[in-house]
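Listed below, chain by chain, are the residues.
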Amino acid sequence: MTAQLGNRLLRTLLATAALLGAAGMAEAKTVVHVMHQGDPGWVKAYGDVAKRFEEANPDIDVEMIYAPHDAYNEKFSAAVMAKQLPDVMELDAPFLANYVWSGYLQPIKPLVDQDLLDDMTSSNISQGTYPIDKDLYAIGLTDSSVVLYGNKKYLEAIGARIPKSVDDAWTREEFEGYLEKLSKLEGVKWPIDTFRGYGIKTEWITYAYGPLLESAGCDLIDRKTWTASGTLDSEACVKALTMMQTWVKNGWVVPTSSGTNQFYAEGQPAALAMGGHWFYAEAAAAMKDDIVVMPLPKIGERGVSPNGTWIWGISATSENPEAAGKYLSFLLKDKEYREYAKTQSAYPGLKSFAAESPLYAEGGPLAVAFEQASKTAVARPPHPAYPTITSAFMQAVDKIFNGGDAQEALTAAAKKIDQDIEDNAGYPPFDEQH
Amino acid sequence: MTLQQTSAPAIPRSGRRHDRQRFWQEVAMIAPAVLLLATFLITPFLLSFWTAMTNQPLVPRPTPVRFVGLLNFQRVFTDPLFWTSLWNVTRFTVWVLPVQCGLAFLTALLLHQKLPMRNLLRGMFFLPAITSMVVVCVIWGTLFQYPSGPLNQIVGFLSAGAIQPIDWLGDPNWAMFSIVLLSAWQAYGFQMIIYLAGLQGIPEELYDAARIDGASALRRFWHVTMPGLRPTHVFVLVITTIQAFKLYTQVAILTQGGPKESTETVVHYMVRAGFEEQKLGYASAVSVILFVIVLLIALLQRKLLRRFDV
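As given, the protein sequences belong to chains A and B, one line each in that order.
Per our numbering, residue 766 is the first one in the first sequence, and the count goes up by one each step.
Per our numbering, residue 0 is the first one in the second sequence, and the count goes up by one each step.
Honestly, the hints are just simulated from the structure, not real lab data.
Cross-link-like lysine-lysine pairs, in silico, DSS-like; alpha carbons within 30 Å at most:
| no. | chain 1 | residue 1 | chain 2 | residue 2 |
| --- | --- | --- | --- | --- |
| 1 | A | LYS1014 | A | LYS946 |
| 2 | A | LYS1180 | A | LYS989 |
| 3 | A | LYS1180 | B | LYS245 |
| 4 | A | LYS1107 | A | LYS918 |
| 5 | A | LYS1116 | A | LYS1100 |
| 6 | A | LYS840 | B | LYS245 |
One chain only, chain A, in its complex shape (with noise of 0.2 Å):
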């Protein structure tokens, strides 16, 4: 019995050993490790084209490395403190500032396609540029923004009008009023969803609920001195939060606890939707014509929108940046994987792909969305302290969302991020910027 045990472990070692020394010789070829997220049909699609990109290039092995979503942060922390950085990594866009910053990238534009450079376009180029030296360190095929997603149905019954474009968005007035109509018609459960059934520790608020703020005059951190004293806790963004929690004890927004498909779900219980241009594919498949897009609604005297999304860039302390370059050329081009972009109504961040992309052309169901890139996106704070930035205005949110008071809360944010960029030294040179 124990002799067999024994036997069977020699073998077992054997094999391993075969198998470490046919690595090994394999090791002899360049190998590209490519840092990503992204859901299951994401990943599949970035696993097809490194397969493709292995045969089109025999000489270079590359190597996916998957990190889920709401932790990629610290998995990526984790990744620099290893010494384990990837050639390529995807990259939240706010975040980027804090990456070069802390220098774990270098500048892409030596390394990929200049007729890929030539085809960003403005807002790509602004989502991946260091504010400090102004060049590119990130690339991306696609951009993002947010929109109000309606069913016709319901705003038909209240007689709400449709804004057509941008310069024509819901007042706030108009919103408000809307949204309380809305809750007294028959077959609404929920007059708005705004995703809260992300979570509460998500990027997603930031991104999301960013803009109302700055579309009330105020903002996260004042981006000339770079302390969120005096403006995140202003009287502006107390007001525009007690907005958004007096619409939740109405009970106006579908509460976190209730998932991320009120809108189109049997019966279709939440009338409006607060939602990333990527919910529309899933949406428009189960509303087909009941779906209206609107540009998001002013809450002061501008509208504003969100951009910035996961976008490439390639690491400081790569072995072989032309390698990690060629992959990434490679990856933008590749038709297949703009093809299940589009499945997944992706937001243009290349001319090309922007003309291959009905969806938002003029007169597309998306254009709306289209269209406030130019005219309403605001980025988030490019500033390194962003990651401390987003963590206390989650925290802010959630205790403003659950009935807590907006100043407190913010006041407690400001000063959790001001104390962050004194411990960092005003994380030079950007103490200096203004």
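Assemble chain B onto chain A, guided by the hints.
Frame of chain A, contents of chain B only:
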């Protein structure tokens, strides 16, 4: 079978050389364990005291690491969220202790009886404990769904619709209670096994003697079983309290500390500071404070339980 030895066995006298040889043998035997403990437990532990007094970031940054003295501790103690999280774990502990240990004790008593298929039953009751907490959380997350999750449907059915659906994880008044429910259910198996072992350690002769003396089942439980379980009770209470204070997984998966900070726990607060905000020094300060608190509670519990001679 003799229960008591009447005389101590003769201790063999041995020379100094023999003693020394034995000493080195013992050292050689405990050395691996001590080495591992020192490398992976004691050194990091001491290091965290040092880190707590610096502004060490999680990952290297262009700004220098400085010694900041007790600044981190001062900030932790002046952060209302820290006190909230401490209050929350206290609440959690006070609720989960009776539920979890009670459940464990009762099932252990049940499974100690001579039931048919006893071993199979024991295995079944132990199943939740060997299921990964992450899996349990995902399943319970579905049960807890609002407004029409299975749990709400059961409550609605049993109350004939009188009780409105409860937002188990989304209502600040309910969230911690919901976490208590699923935590107790997942973890009681461990305490159950300890109680079972404790019950099996009580000699059958004592029960026989009690029976001969004419003691009823209740009196046998109260005067034989309970005293026989004294050390088990102490162990279970201490270990459950320490586990409860380290509440993290359930919160990280289901509520992320919300809603309205009602499920923020000390460990979750620490992880948030250390990994999300990348303030390793600050997070170390929290861990040191948590260590002191848990140590004090364990000592206090032992002392109190000794005094009451339980």
